[in-house]
Amino acid sequence: MTDWDAYIDAMAPAMGLDVAEHHRPGVRQFLEIASSMAVVIEAVPLDEDALALLPVYIPPELLPELPSEAPSDGAARDDGATG
Amino acid sequence: MIDRSDPCAPHASAIDIAAAVGAGGTSARAVAEAALARIDAADRGHEGAINAFTDITAERALAEAAETDDAVAAGRAPGPLAGVPYAVKNLLDIAGLPTRAGSRINRERRPASADALLLQRLRAAGAVLLGGLNMGEYAYDFTGENAHDGACRNPHDTTRMTGGSSSGSGAAVAAGFVPLSLGSDTNGSLRVPASLCGVFSLKPTYGRLPRSGSFPFVDSLDHLGPFARSTADLARVYDALQGPDPADHAAAPRAAEPTQHALGAGVAGLRIGVVGGWFEHEACETARAAAARVAEVLAQEAETHAVTLDGAEAARAAAYLVTNAESASFHLDRLRTRPDDFDPDTRDRFLAGAMLPASWLVRAQRVRRWWLERLMAVFAKVDLLLAPATPVPAPAIGQKTLSIGGREVPLRPSLGLLAQPFSAVGLPVLTVPVFDPGSLPIGVQLIAAPWREDRCLAAGAFLEARGAVAAHPPPNLAAPPLGAQGR
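For the protein sequence lines, the chains are Y and D, in the order given. Heads up: the first sequence at position 42 corresponds to 42 in the numbering used here, and the numbers run straight through without jumps. Heads up: the second sequence at position 439 corresponds to 522 in the numbering used here, and the numbers run straight through without jumps.
Source of the hints: derived by calculation from the structure; they are not laboratory data. Please note that a few of the clues may not be correct.
[To be verified] Far from chain Y by the CB rule (all over 12 Å, computed), these chain D residues: (1) A146; (2) P299; (3) Q325; (4) A375; (5) A398; (6) R399; (7) E547.
[To be verified] With the C-beta cut set under 8 Å, the calculated list includes, among others, these residues of chain D facing chain Y: (8) A141; (9) A397; (10) Q448; (11) V450; (12) P496.
Think of the CB as a built atom: it goes at the ideal place given N, C-alpha and C, for glycine as much as any other residue.
Just chain D, with the same shape it has in the complex (with noise of 0.2 Å):
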């Protein structure tokens, strides 16, 4: 049985630590010397390893732990987010380390000056940073595999893939390394990873969150966001992280909209589609079950029915093309000169994506100012949508192609399929895990109109509190590493 009520015991929730630690119950140091102790034992060094780290920032953890624990000692605000650990995607700036992007070639880069803007918002709100996490290279990937750094192992199988590219915040959150993390999303790499991994994920409105100092990949699509293993935890941190910035030219200029004191709003008079079509036919049987099983608790509050997106093949053939090409074009210097210091899974791809035709881009971004005016039709008739986040659970590492919809397809540009159609447009999506204790997670994406994040939360909350969503922890992980616990 897992000890929740701990704050630092591996699956302790980010709202029980900032409480215990605002409270003096234990302090800030003490729960990130339990975070670094699980890592240490689990992270790396032995066969089976999860490879969530790329680098670990205890020297600074432990001094950030000790400002939030003068701050409770001097009686000062230690923010609500108060010596909580957390980590972040490797594409995001820490200052003092090169941003690597997940690449073999950004690691030659002068370590970064500053903290991305998001870390230090969570700085300010008490968080603690343990470090930077491993991810696909430049984030054009659905697996988790990484030439350079290894593979990300999944923790409730460590011989299947972690889903990417925010591999290692997927995985470090499922594992119990830290309750809380960043990642981006240009295609559903928050979504992917949350539903193989098991754990919540928040791919905000397009333009919510900014992204000043993080390294790009698309800029049409790229967006930021938390993961967690709740919903109360995910809005905590995503009402910490919000709030415009001019630095980013994406970025909308929209104040913060908080979302925690809407969780408890329930599903009661919502409209909610249940996506087929296309969505089912892309799916394999765990996943429509999943996507059928959040349906049927959802309809005991809500008003649900049937929802045919048609042309959410065409949105994601778009964002497909979009983001090949604005990608190659980013890197083009690099594929130039260096091609055989990408990783080869990537590399080929932005090859290709260098060559495309531009009138195959223009039309792309035709069809998705097309797709968003029909989602928006839509979004008239309906408050949510819910489709399978992925088509299948975890694939094992390695493997190269997948059996969707009676086809054999080429794994890695497929994964992401059944999110793209939304980030494609930029609209929020929670990805909630729906799985049994044991059983290999798959999730389930909660999608609204532009800016109702509220409403996802408030309906994950929903299904939270009726049992049909939860990150469970992996079953190998229910006994701590010793010391790790208790302090």
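This is chain Y alone, in the form it adopts within the complex (with noise of 0.2 Å):
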């Protein structure tokens, strides 16, 4: 059984967080409702000698420079490091 008052007291300072009297119940409510999501995704026979992540990215191709245009806004600001 996870104290969760105990956690909030040890996350809220590491992560700069103040955790007021008021926000407290329900970040108390919704941790327990983080914690039994991350029940049921434990439960999940996922194959342990692999690691696949839905949000890996395959690497973007290096387009060439297009010739230089007028300048417009976004031009202006620009620092220099598309090339």
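Assembly of the complex is requested from the two constituent chains, each provided in isolation within its own frame, with the hints serving as guidance.
Dropping the structure here:
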């Protein structure tokens, strides 16, 4: 049984958060809900030898630089990092 | 009886308005003025007002209408949405207004310098913007309640919720203020309001519609999409919205794939999976009956069979954790510096999300991958899935818990639980309204494999043609406000 008040007391300062007394009942409730969700995903029979996350991306091709056009608002703010 | 033939009437279709304006039978200005009069009469200023709009851009609307009328007068093509009024969830940039995203904090921001890309595309199609719409704070909401702007009220029963977070987008279309609106969907925010307000919505495939110029909620899960009162209107606006944009890193580099031509394709030969198991268990009798009614009509021409999507509950849990963690991280500085400026109903959930163990988030992303693979295997055997959109019809405003599957659960995180398993992996979903006139609406989801919005829309059009689904006007709106008709 997790002591969510103790968890909040430890984590909030670590994250730079001030969880006021009137926030605490709600925060505790939502940590309990998140914990119940974690129990559900822990039960999924994943391949323990595979690490495959959905947001993993394919690096894009470097596109050739286009010929410069008349400066726009965006171009005026360009820091040159896109080349 | 609702007069649908008058383009200035409350429930005129977008297609009829565009045809009338394009042919010079009525002016875009007259259509805009009629819509503005309806909003003025029913959206604010009295008890039970709908409260769908947070900003009304009347001056801009009349200027855009004049542009369209000038184009028609000059013989130029006015666009497929000529003179069609629409409004957008207030997380989309509207030039000249701060993008409030349902929050108090954001309304201190500088006004947007340009419209969001999807608004630019709708203007190019001839549509006329009437304003910004109410929403749950920072889109973290399924109810339509908002501590800063007030609850948005369901046009079918103003004591009840619209659903959220695209609350104003669902209500404005149901109430007959506009035939089209735009909203967003991270976990169900296009589908829950469509279900509770009795209108259609299309949540396209993740990455289909660029989010450029919208305020983020959860990068991994955010989608934009339209609401309408028919599949034909929905396809018309969806086709105008499509196309890639490199400014949104999630936007797929795919050319537009128009759907309007496929609306009459029907469902003959399609294999349709009627989702049971957890989805039935988590839905009330009304929601189950709506799904059964849709399945029965589809079975007149398609092959239907029962499907149990084992793992849906885990997908929903994964979506919950990804949402909680990503959104809280995004708002961390605001949570540190001004927590009491948040809506109390979202603040405590964000604060909890800022303190979740990282291992839960990583596991959730692994489960999403696992779930996507399972669903792709299902779609090798079926062309569409159907499931209830919400576990219940609209709850009362202020209600805090739901009774689902014999359990009493917190309402806020639960109203979208049947929607979350599909948005968790970005599948396209059409929500269709299934109800009798005078009763509370409820919606059913038609879900396809990625990039097959055309199949969802064709099935929706089939159901509409068979009379199984329809966006019936709310009974109290059968008589439009004085001065709002027949201009």
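These are the hints, each one checked on the structure:
1. A146: Holds: least Cβ distance 23 Å, greater than 12 Å.
2. P299: holds, 14 Å
3. Q325: The claim stands: D:Q325 keeps its Cβ more than 12 Å from every Cβ of chain Y (closest is about 21 Å).
4. A375: D:A375 clear of chain Y: closest Cβ-Cβ about 27 Å, beyond 12 Å.
5. A398: violated, 9 Å
6. R399: violated, 8 Å
7. E547: The assertion about D:E547 holds, with a minimum of 34 Å to chain Y.
8. A141: Hint violated; D:A141 Cβ to chain Y Cβ min 28 Å, cut 8 Å.
9. A397: holds, 5 Å
10. Q448: holds, 4 Å
11. V450: Holds: closest Cβ of chain Y sits about 5 Å from D:V450, inside 8 Å.
12. P496: holds, 6 Å
When held up to the earlier numbered hints, the structure conflicts with 5, 6, 8 and fits the remainder.
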